[in-house]
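Below, each chain spelled out in residue letters.
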Amino acid sequence: MSKLIYLVPLFPLFGFLINGLGRKALSRTLVSIVGVGSVLASFVVSLLIFQEVREPDFAPQVITFFDFIKTGRLNIPFAFQVDQLSSLFLLIITGVGTLIHLYSTAYMHEENEPDFARYFAYLNLFIFSMLLLVLGANYVIMFIGWEGVGLCSYLLIGYWFKNDAFNNAAKKAFVMNRIGDLGFLLAVFWMIASFGSTSFTDIFAKAPEATATVLTGITLLLFIGATGKSAQIPLFTWLPDAMAGPTPVSALIHAATMVTAGIYMIARSNVLYSLAPITQNIVAVIGLATAIFAATIALKQNDIKKVLAYSTVSQLGYMFLGLGVGAYTGAIFHVMTHAFFKALLFLGAGSVIHAMHHEQDIRNMGGLKKFMPVTHFTFLLGCLAIAGIPPFSGFFSKDEILTAAFLKSPVYYVFGVITAIMTAFYMFRLYALTFQGKFRGTQEQEHHLHESPGAMTIPLIVLAILSVIGGLIGIPEVLMKDSHRLNSFLLPVFADSQVGTEPANHLTHSSELLMMGVLVAVILVVIVYAWRKFSDYSKTTRESSGLARVLENKWYVDEFYEAIIGKPLRSFSRFLNNTVERLGIDGIVNGVGRAVQYSGRQLRLIQSGQVGSYILIMVFATVLFFIIQLFWKS
Amino acid sequence: MPVNYYIFLSVALFCIGIAGVLTRRNAIVIFMCIELMLNAVNILLVAFSKMHHLAGLAADAGSRAGSEGQLFVFFIMVVAAAEVTVGLAIIVMLYRNIHSVDINFLNRLKH
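Chains as they are written, first to last, in the working numbering: chain A, 1 to 634; chain B, 1 to 111.
Any given hint could turn out to be false.
Unchecked claim - Restricting the straight-line Cα-Cα distance to at most 25 Å, the calculated cross-link-like pairs of lysine to any residue (SDA-like) are:
hint	chain 1	residue 1	chain 2	residue 2
1	A	369	A	355
2	A	633	B	81
3	A	633	B	104
4	A	370	A	481
5	A	306	A	437
6	A	633	B	39
7	A	633	B	106
8	A	408	A	514
9	A	633	B	11
10	A	24	A	439
11	A	533	A	422
12	A	306	A	436
13	B	50	B	92
14	A	481	A	520
15	A	306	A	151
16	A	633	B	89
Said to hold, decoys possible - Far from chain A, by Cβ distances over 12 Å, these chain B residues were calculated:
hint	residue
17	3
18	23
19	27
20	35
21	44
22	48
23	62
What the hints assert, rightly or not - Residues from chain A that keep clear of chain B, each with C-beta distances beyond 12 Å, as calculated:
hint	residue
24	171
25	201
26	202
27	409
28	445
29	537
30	573
31	609
What the hints contain is simulated information worked out from the structure, not anything from laboratory work. The C-beta atom is built at its ideal place from N, Cα and C for all residues, glycine as well.
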């Protein structure tokens, strides 16, 4: 079955070609069928492959298709790697991808036909690139996918390209990603220099013999790549701006799949990271800092998508914390559950925005639960899942990361818990402001409020079910013996680097249960508090002050970047333009012209027409040559 | 007679020729000075030719070394004769047109 692996990315590629080339000819229905069908076909193949990978005697396979780069001693084949990790990601990408494609058919229905097809073409291209990213058997193929998803992200953020602000958001995302990509690229070059190969199996086999400098350098550079793609400090500001794209795009690219590419990459390179403890600590600290930083910003945002965007950044920070403390399974587990509930929340937000006619400010919403029962209920389930209430999925994955963090250092744990509490607070603030209380919008908006069509509610329901039960594949040891199915499934990939699996490192069961219970209790209190506080919210024009204002303005990070990078860069450009260009380069060019003109004018005087002067010069020149030759010899 | 004497004579003639060409304005006098320079060279050629020929004879009784120099002199004389005919013809034509052989007056070639 894994021989058919090439079909998985091929279907979306064909979908992209058909929709992209035929965008002026195809009808909406046809575009929808091609767009959704191609991803669905990939999903079916992925399921079959997953079935095969689940067999107990399955060995990871590298399937080579052709030589991609072959020069001298370096050979980079175009090869796919089928193992537990990639097959799990295949399921997430194509599964969530199918649902979001289906959702998009309804959400984007108001678009003109060519734009509709363009949207689906981009979306299919994105799925294709993402599949390439997770299937690649070496870092170069992964990098192709890496760049491809960055491009699609850019195209889709700027999908409504007539709006300048959206275009700027797209450019910002692209440029910030490029900064990270440079790190990735340098890491690949370093690998070629040190290991002579880019394939995972080769490098992981040779890694234990490499020096600490090489490993730390490579892993740090890879991590820089991950901070760009996965929106971590200092390169996170593009993700909130990326909300300019259509909401299903935010759900698919900027919550469920693309932004987890960095986590996939580090999890894939777990052998390298486990050999570089310095990098691991940096990853954990950056992840934790991002988690808590983004959570504080999310507390005060009023745009429904911005709250979710900062929440995504924060949850990604959690995943990096998991990677940094060595809980690779936990991080992948959180990627999976996060894909479910965050896609659900974004799609729910999209459903609300759709009903509110592109109103995104939650201060103008409220009381939507009686107008949109399905959206309301699924959104509530998503909020419970992300807040970490058992037995919803978020609880299990978050708990696993927090336990591993505690084993590494209680400081990590404390900050992780603070973030978890803030997460519960801002999610239920968002929920209560949107769905509870009285409607605060205009009369006309209220008149048009309606539940979204089936194509939008079905994905919501499916994702809600997954958000609720998705955590059950990873029940911790303490609650039920031997039921962490994900851990045993992924064990072959992380066998050498997973911590916390050996019994000596385990917490006692009672203390683990205690930590779990206290955390859940605190979160419940916070939820009830937020629910009651914001249910009877009424609009005020009061200017917020102090810390609240700083948070509303996102800690002024954008302004800070503008001040330390944007402004100096622009004044430097101005200096180059006004001084170096105008005086230096133009001066040289014009100077050459002027020098030729001037010397020509002067030399013309020699040609006087006086034959005598010609001969005089000739004689003097001859004498001069004789003298030169005379002295040259001696 | 040592070859140095011939060289000094030749250099003197050549310098007189150059000085004449540079200082005189009459085209015909300039022409004569050019002839002077050519003949200074001719003297050198003949002198060196004779010198080499004597040196060659000393080594080998049947040697013809150095005879090329004298040959060249004849070529130069032929070429000089041809040049003189053309040059004098031009000067005659100039005189017919502008009634002057003053080269300072003949500077319209630059245009």
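Now the hints, each set against the structure:
For a cut-off of 25 Å, the pair hint linking residue 369 (chain A) to residue 355 (chain A) stands: about 12 Å separates their Cα positions. For the suggested pair residue 633 (chain A) and residue 81 (chain B), the alpha carbons sit about 38 Å apart, so the restraint of at most 25 Å is broken. The suggested pairing of residue 633 (chain A) with residue 104 (chain B) is violated, with an alpha-carbon distance near 40 Å, which exceeds 25 Å. For the proposed pair residue 370 (chain A) and residue 481 (chain A), the alpha carbon gap of about 42 Å is over 25 Å, so the pair is violated.
A C-alpha spacing of about 21 Å is found between residue 306 (chain A) and residue 437 (chain A), which places the hinted pair at or below 25 Å, so the restraint holds. Of the pairs offered as hints, the one joining residue 633 (chain A) and residue 39 (chain B) is violated, with about 29 Å between alpha carbons and a cut-off of 25 Å exceeded. Between residue 633 (chain A) and residue 106 (chain B) the CA atoms are separated by roughly 42 Å; this puts the pair beyond 25 Å, and the hint is violated. Pair hint residue 408 (chain A) plus residue 514 (chain A) holds up; C-alpha atoms about 18 Å apart against a cutoff of 25 Å.
Annotation: proposed proximity of residue 633 (chain A) to residue 11 (chain B) holds, straight-line Cα distance about 22 Å (limit 25 Å). Of the supplied pair hints, the one linking residue 24 (chain A) and residue 439 (chain A) is violated, its CA atoms being roughly 41 Å apart against a limit of 25 Å. For the given pair, residue 533 (chain A) sits about 15 Å from residue 422 (chain A) by alpha-carbon distance, which is consistent with the 25 Å threshold. Annotation: proposed proximity of residue 306 (chain A) to residue 436 (chain A) holds, straight-line Cα distance about 19 Å (limit 25 Å).
For the proposed pair residue 50 (chain B) and residue 92 (chain B), the alpha carbon gap of about 39 Å is over 25 Å, so the pair is violated. Taking the CA atoms of residue 481 (chain A) and residue 520 (chain A), the gap is about 21 Å. The hint holds against a cut of 25 Å. Of the supplied pair hints, the one linking residue 306 (chain A) and residue 151 (chain A) holds, its CA atoms being roughly 22 Å apart against a limit of 25 Å. Under the criterion of a C-alpha separation no larger than 25 Å, the hint pairing residue 633 (chain A) with residue 89 (chain B) is inconsistent with the structure, at around 45 Å.
Consistency note on residue 3 (chain B): stated as away from chain A, and its beta-carbon is indeed over 12 Å from all of that chain's, at 20 Å minimum. The beta carbon of residue 23 (chain B) is not kept farther than 12 Å from every beta carbon of chain A, the shortest such distance being approximately 8 Å. Non-interface call for residue 27 (chain B) relative to chain A: violated, since the shortest CB-CB distance, roughly 9 Å, does not exceed 12 Å. For residue 35 (chain B), the condition that its CB be more than 12 Å from all CB atoms of chain A holds, with the nearest at approximately 15 Å.
Non-interface status of residue 44 (chain B) relative to chain A is upheld: no Cβ of that chain comes within 12 Å, the nearest being about 15 Å off. With a closest Cβ-Cβ approach of about 18 Å to chain A, residue 48 (chain B) is found to remain outside the 12 Å limit, as its non-interface label requires. Every beta carbon of chain A lies more than 12 Å from that of residue 62 (chain B), the smallest distance being close to 36 Å; the non-interface claim holds. With a least CB separation of 63 Å from chain B, residue 171 (chain A) remains clear of the 12 Å interface cut-off, as annotated.
With a closest Cβ-Cβ approach of about 82 Å to chain B, residue 201 (chain A) is found to remain outside the 12 Å limit, as its non-interface label requires. Look at residue 202 (chain A): its CB is around 78 Å from the nearest CB on chain B, clear of 12 Å, so calling it non-interface holds up. No beta-carbon of chain B is positioned within 12 Å of the beta-carbon of residue 409 (chain A); the least distance is around 93 Å. With a cut of 12 Å on Cβ distances, residue 445 (chain A) stays outside the contact zone with chain B, its closest approach being about 89 Å.
Separation of residue 537 (chain A) from chain B is adequate, the least Cβ-Cβ distance of about 96 Å exceeding the 12 Å criterion. Its beta-carbon lying about 52 Å from the closest one in chain B, residue 573 (chain A) satisfies the requirement of being farther than 12 Å from that chain. The non-interface label for residue 609 (chain A) is inconsistent with chain B: the shortest C-beta to C-beta separation is roughly 3 Å, within 12 Å.
When held up to the earlier numbered hints, the structure conflicts with 2, 3, 4, 6, 7, 10, 13, 16, 18, 19, 31 and fits the remainder.
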